[in-house]
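There are 8 protein chains.
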Amino acid sequence: MNNEITKLLLGVKDGTVSVDDALLELKKQPFKDIDFAKIDLHRKLRQGAAEVIFGQGKTSDQIIKIVQTMQKTGQETIIITRLDEHKAFSVQKKIKIDYRKEARIGIAGKLPKPDGIGPIVIATGGTSDIPVAEEAAVTAEALGNQVVRLYDVGVAGLHRLLSHLDEIMSASVIIAIAGMEGALASVIGGLADCPVIAVPTSVGYGAAFEGLTALLSMLNSCASGVSVVNIDNGFGAGFLASRINHVLKS
Amino acid sequence: MNNEITKLLLGVKDGTVSVDDALLELKKQPFKDIDFAKIDLHRKLRQGAAEVIFGQGKTSDQIIKIVQTMQKTGQETIIITRLDEHKAFSVQKKIKIDYRKEARIGIAGKLPKPDGIGPIVIATGGTSDIPVAEEAAVTAEALGNQVVRLYDVGVAGLHRLLSHLDEIMSASVIIAIAGMEGALASVIGGLADCPVIAVPTSVGYGAAFEGLTALLSMLNSCASGVSVVNIDNGFGAGFLASRINHVLKS
Amino acid sequence: MNNEITKLLLGVKDGTVSVDDALLELKKQPFKDIDFAKIDLHRKLRQGAAEVIFGQGKTSDQIIKIVQTMQKTGQETIIITRLDEHKAFSVQKKIKIDYRKEARIGIAGKLPKPDGIGPIVIATGGTSDIPVAEEAAVTAEALGNQVVRLYDVGVAGLHRLLSHLDEIMSASVIIAIAGMEGALASVIGGLADCPVIAVPTSVGYGAAFEGLTALLSMLNSCASGVSVVNIDNGFGAGFLASRINHVLKS
Amino acid sequence: MNNEITKLLLGVKDGTVSVDDALLELKKQPFKDIDFAKIDLHRKLRQGAAEVIFGQGKTSDQIIKIVQTMQKTGQETIIITRLDEHKAFSVQKKIKIDYRKEARIGIAGKLPKPDGIGPIVIATGGTSDIPVAEEAAVTAEALGNQVVRLYDVGVAGLHRLLSHLDEIMSASVIIAIAGMEGALASVIGGLADCPVIAVPTSVGYGAAFEGLTALLSMLNSCASGVSVVNIDNGFGAGFLASRINHVLKS
Amino acid sequence: MNNEITKLLLGVKDGTVSVDDALLELKKQPFKDIDFAKIDLHRKLRQGAAEVIFGQGKTSDQIIKIVQTMQKTGQETIIITRLDEHKAFSVQKKIKIDYRKEARIGIAGKLPKPDGIGPIVIATGGTSDIPVAEEAAVTAEALGNQVVRLYDVGVAGLHRLLSHLDEIMSASVIIAIAGMEGALASVIGGLADCPVIAVPTSVGYGAAFEGLTALLSMLNSCASGVSVVNIDNGFGAGFLASRINHVLKS
Amino acid sequence: MNNEITKLLLGVKDGTVSVDDALLELKKQPFKDIDFAKIDLHRKLRQGAAEVIFGQGKTSDQIIKIVQTMQKTGQETIIITRLDEHKAFSVQKKIKIDYRKEARIGIAGKLPKPDGIGPIVIATGGTSDIPVAEEAAVTAEALGNQVVRLYDVGVAGLHRLLSHLDEIMSASVIIAIAGMEGALASVIGGLADCPVIAVPTSVGYGAAFEGLTALLSMLNSCASGVSVVNIDNGFGAGFLASRINHVLKS
Amino acid sequence: MNNEITKLLLGVKDGTVSVDDALLELKKQPFKDIDFAKIDLHRKLRQGAAEVIFGQGKTSDQIIKIVQTMQKTGQETIIITRLDEHKAFSVQKKIKIDYRKEARIGIAGKLPKPDGIGPIVIATGGTSDIPVAEEAAVTAEALGNQVVRLYDVGVAGLHRLLSHLDEIMSASVIIAIAGMEGALASVIGGLADCPVIAVPTSVGYGAAFEGLTALLSMLNSCASGVSVVNIDNGFGAGFLASRINHVLKS
Amino acid sequence: MNNEITKLLLGVKDGTVSVDDALLELKKQPFKDIDFAKIDLHRKLRQGAAEVIFGQGKTSDQIIKIVQTMQKTGQETIIITRLDEHKAFSVQKKIKIDYRKEARIGIAGKLPKPDGIGPIVIATGGTSDIPVAEEAAVTAEALGNQVVRLYDVGVAGLHRLLSHLDEIMSASVIIAIAGMEGALASVIGGLADCPVIAVPTSVGYGAAFEGLTALLSMLNSCASGVSVVNIDNGFGAGFLASRINHVLKS
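Chains as they are written, first to last, in my numbering: chain V, 576 to 825; chain Z, 576 to 825; chain U, 576 to 825; chain L, 576 to 825; chain A, 576 to 825; chain Y, 576 to 825; chain S, 576 to 825; chain X, 576 to 825.
Everything labelled a hint here was simulated from the structure, so no lab data went into it.
Note that this is a predicted model, so its numbers are computed, not measured.
Some hints here could point you the wrong way.
The calculated lysine-lysine pairs, modelled on DSS-like cross-linking and capped at a C-alpha distance of 27 Å, are [what the hints assert, rightly or not]:
1) A:Lys662 - U:Lys685
2) S:Lys676 - S:Lys688
3) V:Lys640 - Y:Lys676
4) S:Lys671 - S:Lys685
5) U:Lys633 - V:Lys676
6) S:Lys685 - Z:Lys676
7) A:Lys633 - U:Lys676
8) Y:Lys640 - A:Lys676
9) U:Lys676 - A:Lys676
10) U:Lys633 - V:Lys662
A few chain Y residues that don't get close to chain V, going by computed Cβ distances all over 10 Å [unchecked claim]:
11) Gly632
12) Lys640
13) Thr644
14) Met645
15) Gln646
16) Thr648
17) Glu651
18) Asp659
19) Ala663
20) Phe664
21) Thr702
22) Ser777
23) Tyr780
24) Ala783
Computed, partial: chain V to chain Z, Cβ under 10 Å [as the list claims (entries may be wrong)]:
25) Ile641
26) Pro689
27) Leu759
28) Ser761
29) Tyr780
30) Ser799
Just so it is clear, CB atoms sit at the ideal spot from N, CA and C, and this is done for glycine as well.
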């Protein structure tokens, strides 16, 4: 590439290349030889078993087309997240999908066999947090993980959580999902010795501020080994948990 | 009193009272016969054993004078809160006080004997919360309560807290003090069956926002029976706990 | 229990127990012998007369089932909070409940006789705060308390509040409910000598920020003996007031 | 002025004025004939008795020069606000000023005789609010008002405030100054029938957020006739009160 | 009243009065002799011409009843604020009211003749601010003021505002109403020499945060003589302006 | 003008002019001779090719009338922003407009030929940002600019952005539009050497806080040469970009 | 354990156990047999190689004592975090520690050999972020990880980051540390296919709000696989990264 | 490059390349051929006349070294921003710099001749905003622009601003700098027809929130053509203004 620049500058010197053209050329050089078609290939290789479509803001027709294209190129498992019931119904007329209502996820193709390091435990503080938890759970399953669900084990009834110490102790990753004051993340973080992903939810009212309180609370967890994703971001937690659970395999 | 108004209006009618004067008089009537000297008496009767002086913003001379006046009128126990070490030293030159450095409280006179319903348990999440806890503890003691201190029992090490279930179960009031994510209030609220006063502290950094996160977290506690006072307000918590602990006696 | 650990380590030594298994076992020990079935019994013993179901987010079918199960186990009084009119109508087809529309509470069974230390006074700043107040009031009644209602006694018309000094003076607990600037809590806190529970409401507009201003205002009350619960949390206030009012009996 | 524009356009037409020059000229026309020297005269006429210098951020030398210039042009009373003690000392070496330490105001010349409609009442919730109150009070006095000071009449001790109903009822304007929860504004607003200017102060700690809570609280006052100025803005309140108190005379 | 207390204490001494009863009696003394029926009379005397009903949250039946009661006691002018069109229609079936749609105010009876010190000028930044302005305007008219409307004179087109200098200069009070960045208050505050009441509106989008930006902006006005009321609080501004405009007459 | 003042003061002296009248006259002098009719002319000259009507909050009838008036006075291109589909349909019955649904802009007349310094590049992070981008794009086109659209080039897939380095390098202005974390502005700011206008959008959920996060992020861009407009303010960005792109021509 | 309860209830029946005592006993049962001394053992087993002391808020004497006790019980590596230079100097007089000034960490004993899955890459946006990065790096090293440092690779100069694609691609975990707008996390998240831990720093000024902007930005990352810890929490990031990097081994 | 990938996959097929190595290679491909040394060259070409060093957080020794290196490579003008007086003094011992105290900028070498499109006008609301303004001014001058300073022309005294209409009308870019309520940006935006860069400053107190209010206000400017940079970011404004003023030349 050095040759090119030398040539260019010689061109400037003998007048066959204008200064403006040379300047523009110089600016573009660093990124010039990138062949972006290849990127798509890499991206697929990187992201594990299933391909993910973010369903929200797309029409059912758009979703159908994307799924069909992916399937033609050999993609075996595809999940469509944030897919509401009505749109799922329309999609199902054209494509065979397994629709998980609570998770708001549609699955085209088979879920892969779990090939992660260990089980991913998903715990929620209350029953209202379950939709977020299911989004995380189905995402993790679609990316090749075994999932253990511990729902409604909030800290106001500590014994419910403590009765599941076995699951907590043998998890390779834990996703702790809670609204209101989000204390679940700290309590689990204090008990477990694996990475804990905390997901604040918009469950609560008044000074819960639609998840802000749980978010701040989880960021300040007094337990080490806890990190946080965006409010209600079940997909993000499931995706990250899978990455951790496949950390040596990617 | 109806007579007075009648008289007033007659005065207006026959011209001996101007309209302006009558108007002003009418406005003042509702509160007219209040004899405010008596209020001071009531106030003392109401507030239990010790009298409280808020030391911050007062000079040591001012504090000395107030204490001496109170003592002359027979007040046996007086506490001075938010009293820094330097000022305490100056006060001690003139008045005999027992200075509790960590609580930043000076005590003139003897602490009263506990006469509350039961013990007040004061728990903290960490060791940095202890100054706030001591402010609460000494306040409660000065107002006639037995205090049980459970310090550094944060939820990241749940076993430390659980090893004190006896104290928690036999308390008549619990004060739960924590910074960072403030989860202690929820966990104690879930274990105890007495009123829990939560005190957020400014302990923490970053997104702890000087106690705001703990405050919001405690307000959203998933456990029932928990209420909250201002950030670092150890005095307020101790005072309120004493009121609850004397609820049938006041 | 020391024996168990000794045994375990001997097993490790002679090879009959793998290191991994022993490690997992050690981690679980501290919580091992907990018999959680008993917890439910305790919980009921602790929480006084009525059992509470949080109705929001549950279907009428779910509510019916829970009530019927509770009644079979001998629970005499059950309240269902945050129960909207429509759902109450559905529930009433299967179960006999007394529906309090303003409080959004359904009551199955009889309200218990008051057995608290004294009356609980519930005061509101305006008429718009009444739904929150009724939630508190019915909750407190269901838990065995006598309730005195002082509605629309906001500080802009101080005389309305002052005309009820008798009730304020003889209360064992006061719940002060207000939106907008929430000044009611401070004024009542200054008059009363019993614990005051402040409930900010989302009443107001503009810079009331849906209850945030009242919340902050109440947390900063210049009167001692005041604590705060979440915005619009009538249930929480009623529940806590009952705990205070039964403090020596639980 | 229409002639000028006509001339200008004719110039464009016959080529003696370029399009660019004409465009620029047209843009400038609306403000062209303003004689700004006169503004200074107006400003002085408008702002009543004393002239005000904002002392903060100015050196003592700068202040001395400004005062001397003003005095030469016949200004009889000049106040310097936000003047710290140290700087006041330096100024006093060159100019005779009456320094009010608590108000942080220096006064050059005599205070004018009160010529307002009635007395301005300045009330504070606590003793820590007094510096702000004094800034308001001295400002108002310097602008020709009689001031009545009611300090430390916060709502936690309602009787202190009620014992001054006479003053409240006969004020033409009231300035209510408080930190913490700022309830004083609402209570005074409910008692008085004159305009009330509320000044939040940064007094308080924790969730007082350096005056934000008092500010929001005062903006949401349930009493009518209350408006608010910036946190700790004693000068602004005193200035506005004087304007109201001279409303028919300006 | 001293006699009563003496008597009470003697009763305690000779055993005819129990200590508890005496204590309660002492607490109630300060407010004992207040005859609150009189308050209503005072309130009416204080608040000038029209009586105000806050329509929001009241049914049309409730409104009708309140108006009829007021009219029976001789009230000539009554305004109902925050009255939506639909409810106004229902009210009009029973009572003759003049409904001002833009102001969302219904007027029963005649508007009084203006008797204030001078005209109240009401200026808005844009046309979207007009509903808030009309609420202020009709309120002020109903309370006996002459109102001058200057709508859509925002600072982005300074000439529109400057062309009304006459009105601005001869006002006794100005109400400056604006959303977005709220700069109108500062510009008018710099031009006028009468009190300026700033009303932030929720007009705007994005970082206008439903009026918060305008509110903060107005509180920080670099012009003196400006104070602020709550977001969209047209009524409050009109009411306060009237108080200022009648300051010598109340 | 000095003469006028002299005359005025002489009038005061000999009694033919009252002091009040003279005072008012003096106050008005500085702005007296402004002929505001001319302003309208200037304004039109300044704002380039098309005239802009803000459609939101205006009825279709109002819009039609304004357009017709503008067209009569010779305005060739008029755009109506924030025009929803339904209203556009009504307007089209009376006036011929080209309605761009995604941009929510109606165009009356022809778009002008681009006469700016160079192309304006408009880039978005995702597909959900396109409506804001189209508002910017059509605005810029209507004001005489060539627009290059680079949509869905968010930083999570850097290669998509890098494959358009040519366009980025040859732009005279770039508008970077993104929601969520708004990182696009910084990355483009680091690559480009022309002015970059960042537009945060309300795209995202949870802690995106309806555009606040993107807004703050863009304001703190570590790249120089970036400035920010309000959330979702596509029009503002397009308008400003055009001003920059015509900077030597206005 | 069921036997115990049976016994207890029989005791209640025949009167040898009071109801109060039985009630208390029942409440304590669930947690009764926990032997908490064992917990300490577990904790040590769980937390991998080095033991961590949080130095802030502890005196050098306290630190020395804790280290000496740990060393006696056989702990080979101990790190002291948040240890300022002055205190480190005092500690070094008694104990041999390797003090890393930039990381503010003291190390007693040898750093362990890396035994994690792969290298941990630590990247910073600027040079001011290095102290936080070093805290993370030394923590990770002390817990048995190989660390690769990529400092000052902020997105404003994308080529600096892209020149390290090799390191990014072969990492098992990446810690992305940035202040200001925090865009680094998104760009790295889009390039890498391993878990990314984002650490917002308080670097920046104005609307960076001491790390809040970077925090919000990182939580909203458009790239998947990113989670966030508290502002400036280098230790937490290093600790979590180590947990992920040892996920199969703990 | 397609060949390389083909070769790579063939290697995988015949076993000479491991799957892991091939995977890593594929991931790196897209960015492989970038020659980053060239970037530095581009960067210099892009950024116009002077090179900028951010002085804050650098020692005087570091600054000296960077300047000397730059000078050796032929850089004629170098500015050092955020350079405090003390550090400037140290630098001056080794390098000849012209230190502008108010702007906190040191200049090594000569300022270039202005070669921009027109003058850049820099206006401030008050005198306290001048340091930020000078940072902008010196930056712009160092980058080859003519600067016109209009200081202390805040909107509370509109005539001061209006007397400079000539300068405003003939500017190619305007930088409007103000704290408090930041109204200056809107007023200038309404008068000018060139791009306006608004810089909020941290000047003010109370609800100015260290520049936040001015920032929000400026983002919501009702005038078109205004964009905003970070609080107190004088450098950023000067840099951007220069880019705009050289838009056709870069």
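Evaluated hints:
1. A:Lys662 - U:Lys685: violated (40 Å)
2. S:Lys676 - S:Lys688: Holds, at about 22 Å.
3. V:Lys640 - Y:Lys676: holds (23 Å)
4. S:Lys671 - S:Lys685: holds (11 Å)
5. U:Lys633 - V:Lys676: holds (17 Å)
6. S:Lys685 - Z:Lys676: At roughly 40 Å apart (the allowed maximum being 27 Å), Lys676 of chain Z and Lys685 of chain S break the hint.
7. A:Lys633 - U:Lys676: Given that 27 Å is the threshold and the Cα spacing comes to 17 Å, the pair holds.
8. Y:Lys640 - A:Lys676: holds (23 Å)
9. U:Lys676 - A:Lys676: Roughly 33 Å separates the two Cα atoms, so the pair is violated.
10. U:Lys633 - V:Lys662: Judged against 27 Å, a Cα distance of about 25 Å means the pair holds.
11. Gly632: Check passes; 27 Å lies beyond 10 Å.
12. Lys640: holds (37 Å)
13. Thr644: The assertion about Thr644 of chain Y holds, with a minimum of 39 Å to chain V.
14. Met645: holds (36 Å)
15. Gln646: Correct as stated: the minimum Cβ-Cβ distance to chain V is 38 Å, above 10 Å.
16. Thr648: holds (42 Å)
17. Glu651: holds (34 Å)
18. Asp659: holds (19 Å)
19. Ala663: Fine: 22 Å to the nearest Cβ keeps Ala663 of chain Y off the interface.
20. Phe664: At about 22 Å from chain V, Phe664 of chain Y clears the 10 Å cut-off, so the statement holds.
21. Thr702: violated (7 Å)
22. Ser777: holds (13 Å)
23. Tyr780: violated (7 Å)
24. Ala783: violated (8 Å)
25. Ile641: Cβ of Ile641 of chain V sits 38 Å from chain Z, so the hint is violated.
26. Pro689: With a closest approach of 30 Å, the Pro689 of chain V hint is violated.
27. Leu759: With Cβ-Cβ at 9 Å, under 10 Å, it holds.
28. Ser761: holds (4 Å)
29. Tyr780: holds (9 Å)
30. Ser799: holds (8 Å)
Of the numbered hints given earlier, the model fails hints 1, 6, 9, 21, 23, 24, 25 and 26; all others are met.
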